[in-house]
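Student: These are the residues of each chain, in order.
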Amino acid sequence: MAAPMKHSATFLSHICSKEYALLRRSFMQSQVICSREKNSESVTSVRIDSKILKTPTKPDGKAQKISRAMRAYLEKAKRYQDAMDEQNTLYEVGKRHLANMMGEDPEGFTHKDVKRAVAYLLPSGLHEKKARPVMPLPVDILPVQKVVQFGTDGRPFHYMFYTTKPVFSELLHDVTQHLRTLKAKEDEFYRTEKFDQIYENTLKFVDSDWISYEKFTRLFKEERVSEDEYNLFLKNVQRLVDHPLNHKVEDFIMRYREKFLGTQAKPKYKILEESEDGTKVIRAEGSRKTAKAEVVLTSPGTGKFTCNGKPINYFPSVISREQIMFPLELAEKLGQVDVEAKVEGGGQSGQSGAVRLGISRCLVSIVDEETVQKMRLAGLLTRDPRMRERKKPFKKGARKGRVWKKR
Amino acid sequence: MALCKGKLLFQYFLNNPINHARFLSFTQSNLSRYAKDFIDPIVEKEELSKPLDEFDTRRHRPVKAARTEETIMGDQAVQKFINIIMRDGKKDVARGVIDQTFANIKRKQIERYHRAPTQEEKEKIELDPVKIFHQAYENCKPVLYTRTKVHGGFKYKVPCPCEGNTQSFKSMKFLITAAEEKDKRIRMWKRLSLEIIDASRNEGVAIRKKQNLHRECQANRAYSHFRWSK
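Protein sequence lines correspond, in order, to chains A and B.
If you're matching positions, the first sequence starts at 1 in the UniProt record's numbering and goes up one per residue.
If you're matching positions, the second sequence starts at 1 in the UniProt record's numbering and goes up one per residue.
Just so you know, these hints were derived from the structure itself, not from any lab.
Derived SDA-like pairs (lysine to any residue); straight-line CA-CA distance at most 20 Å:
| no. | chain 1 | residue 1 | chain 2 | residue 2 |
| --- | --- | --- | --- | --- |
| 1 | A | K266 | B | R59 |
| 2 | A | K259 | B | T57 |
| 3 | B | K90 | A | G397 |
| 4 | A | K400 | B | G89 |
| 5 | A | K400 | B | R87 |
Could you build all of it, start to finish, from the sequences and the hints given here?
Tutor: Okay, structure coming up:
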């Protein structure tokens, strides 16, 4: 484990000692780095000019006063900015060296390439990924400070600054603003007596739901939004959804909504034979747990059923037999089709579930669309994703614990 | 081996992200294999036969697969009853007991039907065992039950309203324990069938158990304010 590390270290120091120092330092730092959200964007958004810290003058030539607190605040921000700049230049130099070592163009060298280069030049056998050598971005290592939020005149840039959560407050403000405009537009309809036009384009938003609390919090980088505040937002924005003229703010609403996963994909089946008198032979596959089934269905038939060459007695328990009846009963095809199934793997209930899925997939090609919708709602066209849960160490089964008594 | 299979499955999901992305939910907080959007399947015939509204969200959402005991042929209350009577995960045995119970109920009722002297009395007799079971199940449902609460080192029995799953479970448990307490030399299905017929007429041990519970709640009504205390 240590050998390739040592080798590459000597190799590197031979080429460029400065580069090696940088890499080594970042390697040392890598052990204390914890994952943190990148907000490099907000750090560099407002830059402090060094001129600000000198006593500025008013247009009439008199010296402008800056309070001591304000000055300290600005100086602190400046110090942080300078440190960041220094680190950034160091990173840039390191990046160029790495690019040269790899024989690539230093201009188009990205952070992704840096990672690749470090992994190549300093191969590590360490299992823990956090312990391997890295050259991270300065933003990821240095403690993040809040961006400057005041001007020299002591006034905050953001008009909602004193709410302590400016971005969130602005969002709530926007919602109420939208609601006001919608109400005004609705009044306009009443005034002009166009009553029937109000509900013309109303949207129902049936295929989407509000984004989760976790996703909502990610919208606010430096603010912590509590669950109560999230609920407050939902309560307010729901009024927009309920409004008859909601189509005018659809874009705004859909920013905070997520579409459902949608209905399942169309079930796969293959029509093997199809004659003019209406007989069809369909083949489909089904599976549940570890069992896999292959079903060939003939319609119309006489209600024959064979599974691995045996009649329904292949399944000893009544529950399993009912499983096979279920799709046929729902589609009202019991006794009207022939079913031939081949199953392997799994136990009794797994095999019967696999055959059930195979039969219902076959039936889709015969029955009308309304019945397909019914079968979908009854959960017949979904492959049951539940599998046997693995046993855990120090437990008797997947979840069951051992009896433990202190005394 | 299990871990290996898990890895394979994971790779399979990764290779087919479009079809199987909805099954991916590896976060610890949600132990379900289904994603959040999935809705429970409808397995009642009446509910299924209703036409879906144009703006029904069920049109746009994926559905979970129906579980093994959920079929439109079966009765959901009876399925629950089988699960409660089951011991050591032997569902086939439990189901056998219930089947024999219903057969015995049917036999008893037909016997009673033929013994009835007039046509009017014959018409009154219910012959469907599932309906009789439902009647018994409804009759045994308690309105109140007690929860123990430790307060100042003393245990108090606090009367609470009994609703939903608790109510149905208690009702079924009354029927089963009442049958179990009878003469052990008689078969369980015989004891249970007699108990169910009795309960459907508001008689028998199971009904008395329910009334006893109500009486206990009545006696402890002074402690009902503990429901709101911490």
